[in-house]
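From just these sequences and the hints, can you work out the full model?
With our numbering, letter number 136 in the sequence shown gets 136, and the count goes up by one each step, no holes.
Derived from the structure by calculation, the hints contain no laboratory data.
Cβ atoms here follow ideal geometry from the backbone N, Cα and C, with glycine treated the same way.
Here are the computed distance ranges between Cβ atoms for each label pair:
1. Ala254 with Asp27: 45 to 55 Å
2. Arg56 with Arg104: 14 to 24 Å
3. Thr146 with Phe251: 23 to 33 Å
4. Thr146 with Asp27: 21 to 31 Å
5. Gly100 with Ser252: 39 to 49 Å
6. Glu121 with Asn154: 10 to 20 Å
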Amino acid sequence: MQIAMMIRAVLLALVFLVPAGAAKACDGYDLAVTQMTAFSYNAADPVTTTLEVEFRAVESGLPRRCRNQRVQIDIIGGTARDPDLEAGGERLQARWINTGEVNRNGDQWRLRRSARTDLVEGDTLSIAFFEIDAGQFVTPGEYRQTWRITIGDNEMTVPIIVTVEPAIRLEGDSQSGTQALDLGDITNGARASSDFFFRTNSAVAITLVSDNHGTLQHEQGKQFGRIPYSAAISGQAVDLSSGSDTVDIPFSGAAIQSGRLEVEVAPSPHEYAGRYRDVITMSFIPY
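So, in structure tokens, the structure goes:
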């Protein structure tokens with residue numbers, strides 16, 4: 001008797017189906033970040049300076065999951081709470097702007113979800129971050145801060161640079177732009193002076209231009225007489241015989257300063273009677 005033995009092998013195949021539309025992972029992505037405004041700052045300008053920065057995703061077609069990646073901005077060595085810029089130990093004070101695209105979390109900035117969504121979908125964002133108030137007469141130069149931007153595993157640094165320009169602002173009565181010096185009767189000679197007030201962050205060149213080339217001219221015309229005079233700015237003599245001259249005032253601090261225009265006429269007993277006058281125009285150029 002033969003016994004037939006049969007062995008049947010059953011092969012089991014396990015197939016795991018992956019849905020065709022499954023989301024891709026997002027470990028981070030790269031941004032192109034560009035400073036768009038506030039390249040320069042002039043303390044004499046009466047308007048506030050606003051820093052705007054442009055953000056754009058470098059890669060197109062990012063996975064939708066990238067919307068969930070936190071976009072965090074730290075100021076290296078600084079704080080988003082007081083985002084001042086620095087140069088040589090001096091600070092240019094700035095004030096954060098609370099916009100719809102960014103919120104402040106402690107000492108950091110973070111893009112809100114709506115802004116992250118726009119970036120992932122390929123939009124370019126221009127975001128205002130802070131304002132620099134007018135009237136800060138700090139030393140001219142480049143004031144900087146460096147941002148560290150973190151998106152998941154991706155990290156980049158971005159320099160923010162604001163160049164402070166030499167600036168000057170007339171103060172007090174000098175803001176009117178016109179001052180009169182009355183020499184009175186000059187028969188026996190006369191002297192008059194007028195003070196002017198200004199604030200600056202640098203040395204200043206003052207250029208004086210005389211309508212009558214350093215002479216007082218009779219109001220009825222030069223044919224009735226011209227009387228020469230001497231002039232000085234804060235003790236520095238100026239020669240207006242050619243029509244103009246320039247003096248340099250060294251920087252002495254950011255507080256309000258004063259200068260003085262002095263005019264002197266020698267005794268003039270033989271001149272034709274009447275009123276004599278000249279107009280001196282003073283231009284202030286910080287450097």
